[in-house]
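The chain contents come next:
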Amino acid sequence: MTKDNSPLIVALAGNPNSGKTTLFNNLTGANQHVGNYPGVTVEKKEGFVKHNSHNIKLIDLPGTYSLSAYSIEEIVTRNYIIKNKPNVVVNIVDASNLERNLYLSTQLIELGIPVIIALNMSDMARSHGINIDTELLSRLLGVPVIPTIGHKKKGMDKLLEAIISLESNDKAPQPPEVNYGKEFEEEICGICRLLSKDGKVFNGYQPRWVALKLLEDDQEIQKLVEALPDSEKILETVKTAREKLETLIGDETVAIISDRRYGFISGACSEAITLTGEHRHDISDKIDLALIHPVLGLPIFAGLMWLMFNLTFALGEAPMGWIESGVSFISDWLSSALPEGLISSLLVDGIIGGVGGVLVFLPNIMLLFFSIAILEDTGYMARAAFVMDRIMHKIGLHGKSFIPMLIGFGCTVPAYMGSRILEDKTDRLITLHVTTFMSCGARLPVYILVCGAFWPENAGNVIFSIYVLGILVAISMVKVLRLTRFKGLSAPFIMELPPYRIPTFRSLLIHMWERSWLYLRKAGTVILGISIIMWFLMTFPEKETFSQDYESLIQNASTHLDTGVITKDQKDSLVSDYNNQMSAESIEYSFAGRMGKFIEPVIEPLGFDWRLGIAILSGFAAKEVVVATMGTVYGVGETDEKSESLRANLANDPLYSPLVAYSFLIFVLLYMPCMAAMAVFLRESGSWKEVFYQFLYSTGLAYGLSFIVYQCGKLIGLV
Amino acid sequence: MFEYLLVFIVVALAFWYVAQTLWKESKGNGCAGCKCTTQGNKAIDLIQIKTVKKK
Numbered sequence: 001m002t003k004d005n006s007p008l009i010v011a012l013a014g015n016p017n018s019g020k021t022t023l024f025n026n027l028t029g030a031n032q033h034v035g036n037y038p039g040v041t042v043e044k045k046e047g048f049v050k051h052n053s054h055n056i057k058l059i060d061l062p063g064t065y066s067l068s069a070y071s072i073e074e075i076v077t078r079n080y081i082i083k084n085k086p087n088v089v090v091n092i093v094d095a096s097n098l099e100r101n102l103y104l105s106t107q108l109i110e111l112g113i114p115v116i117i118a119l120n121m122s123d124m125a126r127s128h129g130i131n132i133d134t135e136l137l138s139r140l141l142g143v144p145v146i147p148t149i150g151h152k153k154k155g156m157d158k159l160l161e162a163i164i165s166l167e168s169n170d171k172a173p174q175p176p177e178v179n180y181g182k183e184f185e186e187e188i189c190g191i192c193r194l195l196s197k198d199g200k201v202f203n204g205y206q207p208r209w210v211a212l213k214l215l216e217d218d219q220e221i222q223k224l225v226e227a228l229p230d231s232e233k234i235l236e237t238v239k240t241a242r243e244k245l246e247t248l249i250g251d252e253t254v255a256i257i258s259d260r261r262y263g264f265i266s267g268a269c270s271e272a273i274t275l276t277g278e279h280r281h282d283i284s285d286k287i288d289l290a291l292i293h294p295v296l297g298l299p300i301f302a303g304l305m306w307l308m309f310n311l312t313f314a315l316g317e318a319p320m321g322w323i324e325s326g327v328s329f330i331s332d333w334l335s336s337a338l339p340e341g342l343i344s345s346l347l348v349d350g351i352i353g354g355v356g357g358v359l360v361f362l363p364n365i366m367l368l369f370f371s372i373a374i375l376e377d378t379g380y381m382a383r384a385a386f387v388m389d390r391i392m393h394k395i396g397l398h399g400k401s402f403i404p405m406l407i408g409f410g411c412t413v414p415a416y417m418g419s420r421i422l423e424d425k426t427d428r429l430i431t432l433h434v435t436t437f438m439s440c441g442a443r444l445p446v447y448i449l450v451c452g453a454f455w456p457e458n459a460g461n462v463i464f465s466i467y468v469l470g471i472l473v474a475i476s477m478v479k480v481l482r483l484t485r486f487k488g489l490s491a492p493f494i495m496e497l498p499p500y501r502i503p504t505f506r507s508l509l510i511h512m513w514e515r516s517w518l519y520l521r522k523a524g525t526v527i528l529g530i531s532i533i534m535w536f537l538m539t540f541p542e543k544e545t546f547s548q549d550y551e552s553l554i555q556n557a558s559t560h561l562d563t564g565v566i567t568k569d570q571k572d573s574l575v576s577d578y579n580n581q582m583s584a585e586s587i588e589y590s591f592a593g594r595m596g597k598f599i600e601p602v603i604e605p606l607g608f609d610w611r612l613g614i615a616i617l618s619g620f621a622a623k624e625v626v627v628a629t630m631g632t633v634y635g636v637g638e639t640d641e642k643s644e645s646l647r648a649n650l651a652n653d654p655l656y657s658p659l660v661a662y663s664f665l666i667f668v669l670l671y672m673p674c675m676a677a678m679a680v681f682l683r684e685s686g687s688w689k690e691v692f693y694q695f696l697y698s699t700g701l702a703y704g705l706s707f708i709v710y711q712c713g714k715l716i717g718l719v
Numbered sequence: 001m002f003e004y005l006l007v008f009i010v011v012a013l014a015f016w017y018v019a020q021t022l023w024k025e026s027k028g029n030g031c032a033g034c035k036c037t038t039q040g041n042k043a044i045d046l047i048q049i050k051t052v053k054k055k
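From first to last, the protein sequence lines are chains A and B.
With this note's numbering, letter number 12 in the first sequence gets 12, and the count goes up by one each step, no holes.
With this note's numbering, letter number 2 in the second sequence gets 2, and the count goes up by one each step, no holes.
Be a bit skeptical, because a hint or two may be false.
To be verified - Straight-line distance between alpha carbons at most 27 Å, and here's what the computed BS3-like set of lysine-lysine pairs gives:
{"hint": "1", "chain 1": "A", "residue 1": "Lys689", "chain 2": "B", "residue 2": "Lys24"}
{"hint": "2", "chain 1": "A", "residue 1": "Lys45", "chain 2": "B", "residue 2": "Lys27"}
{"hint": "3", "chain 1": "A", "residue 1": "Lys425", "chain 2": "B", "residue 2": "Lys27"}
{"hint": "4", "chain 1": "A", "residue 1": "Lys85", "chain 2": "A", "residue 2": "Lys50"}
{"hint": "5", "chain 1": "A", "residue 1": "Lys689", "chain 2": "B", "residue 2": "Lys27"}
{"hint": "6", "chain 1": "B", "residue 1": "Lys24", "chain 2": "A", "residue 2": "Lys45"}
As the list claims (entries may be wrong) - Per label pair, the in silico range of CB-to-CB distance:
{"hint": "7", "chain 1": "B", "residue 1": "Ile9", "chain 2": "A", "residue 2": "Phe591", "range": "12 to 20 Å"}
{"hint": "8", "chain 1": "A", "residue 1": "Met595", "chain 2": "B", "residue 2": "Trp23", "range": "17 to 25 Å"}
{"hint": "9", "chain 1": "B", "residue 1": "Ile9", "chain 2": "A", "residue 2": "Met595", "range": "20 to 28 Å"}
{"hint": "10", "chain 1": "B", "residue 1": "Gln20", "chain 2": "A", "residue 2": "Leu520", "range": "17 to 25 Å"}
{"hint": "11", "chain 1": "A", "residue 1": "Phe591", "chain 2": "B", "residue 2": "Gln20", "range": "20 to 28 Å"}
{"hint": "12", "chain 1": "A", "residue 1": "Ala584", "chain 2": "B", "residue 2": "Tyr4", "range": "22 to 30 Å"}
These are computed hints drawn from the structure, not numbers from a lab.
Yeah, the Cβ is synthetic: ideal placement off N, Cα and C, and Gly gets one too.
This is chain A alone, in the form it adopts within the complex (with noise of 0.2 Å):
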């Protein structure tokens, strides 16, 4: 506790990815309570926890890679700091990753505040072959340094003892300035000066801190200063200061800040750290060589993506065959133990048609994502967004764009909240806007379903062109939105690349299934229930009279074969036929039928009929829904008691052609993405108007290159 016995206040503070949530869970276990900051939509967790008679409030404060003002979650963590003055500050550090960690506590410690670093993972680093002196770390660092084992609850007591007696020591050690070099110093020094004359303005921000701020221009410092009554003095003094630095030393200020920041930091490591384990990074560099290289990095990115669809499709085919095998059995004696009516066509018809046909592309959505998942824990997606890097910069985005542009492969949702990583507004929203297009898990089922019943030999290498396609649209719309509604330039970076890794058996199964799970659980849930609405609304409401009187018709063609008039093959075409008739009169007059064909004529131009209108509607729940309603669309109009699979019902449909096919996976690929995904869009970007635009033009997109392509196709003799 404190002196006036209010607990103690401590604000965890760490990169993304230290820890930092594992050690406040540790200490704080059940007893904490989650909020948002106010204004934000960031997470603000607090937690208490009793040590030696000590009460103790814990801030889990989001995770940040400085205390820049590029980020909500920086300024966020960087305000709480700063106004809310904890008593400690607990800096979570991956010591595996010391370097690029220990920015933050530069940061940290320059804003004066007490600092405990908790030396995080320290069991990870050792088996790295990383050895660090914690004690001389500290001495370095001028702070306490305690190493932790976050996951095996280690340090924990330690941690909080050095807490509580940081509080308690009156004169916490001085920990060293990082010395920004002579030039630097008499510029921070001469503003410093100035500011120091208004201090009372800053309300607990150190003037060095701020004066380092303003001389890597950051907007938010600088609007505070504005409000000082000597601003411009003090503006004009930093813009000064900032050109003249910039002329001397010839890199932009915040530049030359972070490397001298780091610079502090190598030496700091070098002097505490004893490296055991190089080789690793000397395999990374040489493996590097190769698959980042200028030339051939491209190639080798599109030849492992060609290889991951392929792979998906082939692999995934005999099981595939399997499953649709098992749905056909069921189906069939279903059909053939209840009697024929209503229920009977809910089981088979909606329930089984539509869920089994979602069901029977597990094998490939797992594959999907054990390749995924073998791409990103290798290391190899970070050397992905790297390669493509160079092509993003040319039209006006950077690398880290494409990360959750790569991510979009999976799922749509957690891609548009990796958008977040972009600092700079303008940024993010093309980042959402693009992201769309890049094809989701939940698409594949239909690439799939279409490519497997029209390019059976090359059903891989199509659905690869699929995704190429969704790569090559979202490029050009960068380029696109850069020159019309977000004109600009991209902040430049740099992109971190992280040793390769081999990833273990356990791991990959677990993000497989973690997926197929969520896949399994869709379809078992709201697909389901989709299906079943389908089938409803392709079942009501009931014809009672047709065009034709078919049961007379069927009555007539048995008694012409008990004459001898035709013969039992053509009594059977017969009876087809006019099964056939009569369903597709029942389904045109349903519910959905009327609805398909009040869309049709919008949709004609494409190649679609009204079912294919039907399935895309339903795509706006979920996509995996479009494959769902196929499947109930194709149950209900079925009259053969024999159950034909999905996929054999599409190629032997007449209306369908492989360019109507093409043009229907250009239409799923590039449409607005599933209700859950606009959802988060409209959370991440905050704006209606967006969402609007990201719909409207999505689709148009869609429409347009659908149109062009079957047009086209048509054109050349390709129906």
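Using the hints provided, position chain B relative to the given structure of chain A.
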């Protein structure tokens, strides 16, 4: 008659479930009940990037 009643109950339940799920999703937390948002945060955490500007 019983058949119609049963079918309509099933359809009404499905409609209620889907509407409720989509309503939850429209609040912006990813697919209802799934871990999209957690995975999103994890994905951001996994991205190893220095936010350092440099020429």
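Structure-based check of all given hints:
1. A:Lys689 to B:Lys24: The hint holds at about 21 Å.
2. A:Lys45 to B:Lys27: Given pair Lys45 of chain A, Lys27 of chain B holds - Cα atoms ~21 Å apart, limit 27 Å.
3. A:Lys425 to B:Lys27: Given that 27 Å is the threshold and the Cα spacing comes to 22 Å, the pair holds.
4. A:Lys85 to A:Lys50: Between Lys85 of chain A and Lys50 of chain A the Cα gap is close to 21 Å, so the pair holds against 27 Å.
5. A:Lys689 to B:Lys27: holds (17 Å)
6. B:Lys24 to A:Lys45: Since the Cα atoms of Lys24 of chain B and Lys45 of chain A sit roughly 23 Å apart, the hinted pair holds (cutoff 27 Å).
7. B:Ile9 to A:Phe591: 12 to 20 Å: holds (18 Å)
8. A:Met595 to B:Trp23: 17 to 25 Å: holds (22 Å)
9. B:Ile9 to A:Met595: 20 to 28 Å: holds (24 Å)
10. B:Gln20 to A:Leu520: 17 to 25 Å: Given about 20 Å between the Cβ atoms, the range holds.
11. A:Phe591 to B:Gln20: 20 to 28 Å: Holds - the Cβ-Cβ distance for Phe591 of chain A and Gln20 of chain B, about 21 Å, lies within 20 to 28 Å.
12. A:Ala584 to B:Tyr4: 22 to 30 Å: holds (23 Å)
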